[in-house]
Every structure is written in structure tokens, then in C-alpha cells.
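Asks: Chain A is fixed; fit chain B onto it per the hints.
Taken in order, these protein sequences are the chains called A and B. Start counting the first sequence at 1; every next residue gets the next number (my numbering). Start counting the second sequence at 1; every next residue gets the next number (my numbering).
Think of the hints as simulated: they come from the structure by calculation, not from any bench. Glycine included, C-beta positions come from ideal geometry on N, C-alpha and C. Certain hints may be false.
Unchecked claim - Residues of chain B placed beyond 10 Å of chain A at every Cβ, according to the derived structure:
1) 22
2) 103
3) 105
4) 141
5) 175
6) 274
Said to hold, decoys possible - Negatives, chain A to chain B, calculated, CB over 12 Å:
7) 8
8) 13
9) 15
10) 20
11) 56
12) 57
13) 97
14) 108
15) 118
16) 137
17) 156
18) 203
19) 218
20) 283
21) 292
Stated by the list, open to error - Residues from chain B that face chain A, not an exhaustive set, calculated with beta carbons under 7 Å:
22) 170
23) 249
24) 260
2 protein chains.
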Amino acid sequence: MRHHKLALCAEHYGEWFVNSTQRAIEKYKMFTRGERVLVAVSGGKDSLALWDVLTRLGYNADGLYIGLGIQGEIAYSDQSLARIRAFQAQMAPDAALHVVDVPETYGKTIPQIARASSRGHGKPCSACGLTKRYVMNRLAAERGYAVLATGHNLDDEAAVLMQNTLHWQTGYLARQAPVLEAGDGLAKKVKPFCRFYERETAAYAMVRGIDYVYDECPHAVGNLTNFYKTLLNQLEAQSPGAKLQFYVQFLQARSEGFFDAPPSARADLRACEACGQPTTAPGRCAFCRMWDITALPAAERDEDVFDAITARAEAAEL
Amino acid sequence: MRHHKLALCAEHYGEWFVNSTQRAIEKYKMFTRGERVLVAVSGGKDSLALWDVLTRLGYNADGLYIGLGIQGEIAYSDQSLARIRAFQAQMAPDAALHVVDVPETYGKTIPQIARASSRGHGKPCSACGLTKRYVMNRLAAERGYAVLATGHNLDDEAAVLMQNTLHWQTGYLARQAPVLEAGDGLAKKVKPFCRFYERETAAYAMVRGIDYVYDECPHAVGNLTNFYKTLLNQLEAQSPGAKLQFYVQFLQARSEGFFDAPPSARADLRACEACGQPTTAPGRCAFCRMWDITALPAAERDEDVFDAITARAEAAEL
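Next comes chain A alone, as it looks inside the complex (with noise of 0.2 Å):
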């Protein structure tokens, strides 16, 4: 690890990551071994270490993953499930994993209502932010957890910094930060990774064995946030740990007050009228307005979905 000045085995590799992430866990305050933590994981490298970590680490965290009904040629979404099943079962045996199906739930895959929508430009990536922030909550609030976790590296944060920075977003920049305050009714959210660069979390990945998808999602190739990625390389490569000093400097003179942050990140929630979910809209939350959802719709059962899904995954020998 140049930046460090550091040049590890895999054991002791694994060992740094692990208490680095500890570190990162207690600077930044995000949770305690005493509180539920839901990692919300997609299948990927990142978000497998991160529950592999915290699972390591003696915390108590579940999973949590959604379905998007993204298949693509690779069967993007059944392929995910199925290596988060493995995982499970070899790595975090006596945690829990939710499965929120969303073409089960609510009807339609993300590429089918991001067409139905007027969201995104007909890209789905919107409909599928959206979507899944709202499920991600609404799971939180529902079953009790204190603390949502995302596998977001340091890469990823970079990447929304300068796209924030290039557009000098102050309400983005103000609110950008490894830990997202609960209120109202919306979960904590943390992100223990973000000091990794991506290939460090990579790395981790490789020396525990985690068997992940390495594809990225199908509709994520070519923007904008790749792209900015791309620019960040350029600068890495030309100055070795400038991503690192990018975000953490930019956390440092947030921290000393530079930012003129507003009153209240979160100012103004109300319920949402069809599902009860916090919002800011009036009437119904843009969630709902999307789905076109008038009323609470059943509550998610994980057992069936998670059998839906499993058998749907056997039949296509993932």
C-alpha cells in the first residue's frame, strides 16, 4: 500500500483491514456491539467484506439484500443472491438475511418502472436509488435496527464529492459525511469503508476467499460517477494517495466548521400518506408517487420471498 508505506502479507493484511475498520468505526461513532446493525448488500466485494468484517469484529449484523430485478445477460440479480446465499452460509452462519424482492413486492422490476417513470432520463439508476434508500428505511424502522451500513469506498465517496464539488452542491457538501444522523424515523447510516480504496477492499475480499460478483451492475457502465472515478485515478496515479487526502481533508475542514452547513439536514419530515414513511413531500413520499402506491401494501413476508427467490435461483443452477 504506497500511501501507507506499507507492504503486508495476507494474513496480516487481513488483520490491518479489519482493525483499520474498528478504528474507523469508533472515530467516526457509528455504532456500538450492543446495537442491531442491517448491512445492506448487494452481492459485490464491498458490501460482502463490510458484513464479514462486522461479523468478524464480534458485531451483531444482518443482511439485507434487494432485489432488484436487474438480469441482463449475466442474470445480474439472481447471480447476486446467489453468491450472498454462499457467503452466508460459510461466513455469517447466525445472522439473518432479509430478502426484499421488488418485482415480487411491488409488482415491477427497476428497468420496468424506471420506463413507467419519468425519473432518470431513461436510465434506471434514479428509480433505483430511490428504491432502494426507501426500502433499505422502511426495513430499518420495521424490524428494529439502529443502524443501516453500506459498503461505500473510498472510491465511491470521491467520486460523489467531486461530483458535488464540480457542481458545488453546499446542501450535498454540507450533509456528505461517513455518518448520517437517525431522526424522524429514519435510520442512522454509516459507511465503515469509506478510508478504503476500492482495490483494498478487493484485496480483503481475495485474502478471506469471499466469492463475489465482479460485474457491475449492467446499467452503471459509463456514468458519470465512472467517470469521475476515472478522473481521480488519473490524479492518484499522478500524486499516490491525493483520493484519500481529497476526502479526508474535505471531512477535516467540514469538521472545523468551513462548510456553512443548513440548520437541519433532515428539517421538516412528515408521514408519508400512503405508506407512512418519513418524507418531505406533501401527500405522498416520491416513493409511492413512482410506484404509484395509494395504500400500505402487504407487509414483506422474508420467508416466502426469500423462497420465491431461492427456488427461481436453483432452477436457473446459479
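Replies: This is chain B only, laid out in the frame that chain A set:
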């Protein structure tokens, strides 16, 4: 001009460019027709175009050329002065041109003082910047100019902004603006071209038939600013107008008080013990320490220096 959705002939392009400069001068309250303006001219397209536009707009604009003793294979400094003289004779015959020749006045060329000093780690750019800022401020103060104008264009400003942002240099970010107000003996500094793309100032110089030095300073090749310009050019190619947006939205966020600016950017200035110019250092200013000046050198005699360099430039048949 793709980002403005404008296509203009040469004549109307010049008109658009001049009128846009006038709007920037008014918008940022840079100077009025009653004030004496000193334009720092290097012999490049931006500074000569600036002197030309201010002259056409009827401002009271004189030139300042600082001879740095940077020659290289193309006799860079001598060639620059020759271009400036030719420009002045044709385009600004009623204006004064001040020439401060650094080796004549201070005894060493910029490459020589950079080698003799600890600044810059082998590159003369830091010593050069310090020297130019000093000479500009001092001449403006001694000759009674209210305002110092430089030809920095949008590409320059966006690259500096990118550099300051990537390192979250909060002090620099809070100060970066088209206008730096006068104070404590330092002249007001303005950048009337800060919203023009480099290609726009080049196009203006071309349609006006201004003969400028095409080559960059030989020491600037491969520097970090050029690296940031390359990154920003990729961004601009991906989404036209992004560079302008990055800079203008920064100014907008700044003017809305998003950045917590330090109370005064020029706090605690005192007179240098050697030269009497304003400095934040105790004792001698950074310039006098670098040049090892212990008492005020003889006042510059523009005409003598000018004659000496002119003779040298003519001898070199430039």
C-alpha cells in the same frame, strides 16, 4: 461557442468579447474609467488581449512587463518584450509601458535566484511567482496605480480552484475571487478575463491580429497546474460548459456565504524592515529574504532599464 450556443463572425466575435469584458468589470466592481489601471503583460495572448480590450473600452490602462531573465532555447524573455513593444506601438501608443528587468535590478535571473534559494525544490516557479507579485505590488504602489489587472482566464482560475479544492485549502478557497480588494499598501487586484475560456482569449487575439508569444514558459511544461487543466479539459469534453459552471457556481456559493471566510484575508500586515513593502513576516519580507536584500535598492529607472533591454533585444534581432 458551444456552451453559449453562439456562432459569430470575426467582427461580431470581437464585439462580443469586448462587451463581455465590460460586463465582468461592472459585475465584479473592478474599476472605473477615472482610475489608473496597471496591466501585467507577459507577451502571451491573455495579457496582450486584456491590454487591448481595456484600451478599446477607453480605460486608463498602462502596461508592466517584468523581465525574468528566462531565455531557454527560444530567448523567451527577450522575445516576450519584443512582442509587447510591437503591440504597444500599434495598439496602445498613448499608454505607458513600465519595464522592470529582474536581473538588471536585483542582480540575478529567476533561474539563478531559484537555484540559490530553498524555494521551489529545483523548479523556479515559486521564486518567480514571489518575485512577480512583489514587483507588481511595489510598482503599483510607487507609481500610484489604483488597480492591478492580470490576464488570468477561466482555464487558469478553474485549475487553481481544482488545486485548492483537491487539498481543501480553506484559506485560499475563501479568498479566490475575480477581485481582491486593496488594503494596507497592496493594490487592488482584478481578473477581467476570469470567465473566458482560454480558447476564447486566443480567438480574440487572433481576430485582432495580435502577435503574441505562443510558447509557454519553458519551466511551466509538465507542472501541476497543467495537469489540472488536462483533467478539466476531459470534464469539459464530457459535458460542455462544465468548467465555467465549476468556477461560476463556486463564486455563487462563496458570495452566498457557504464558505466560512477568515475575518480578513490581509490581516496583520506590517512594513518590511528592508524595503518597506507590506508583509505578514516579522523582520524582512519573503522577497527580501530570498533575494537577500538588507536595504532598499535604488528606485527602478524605467527608461534606462527599457533602453538596456531594448538594445539587447534588438541585438538579438527579435
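Asks: Any of the earlier hints contradicted here, and which numbers?
Replies: none
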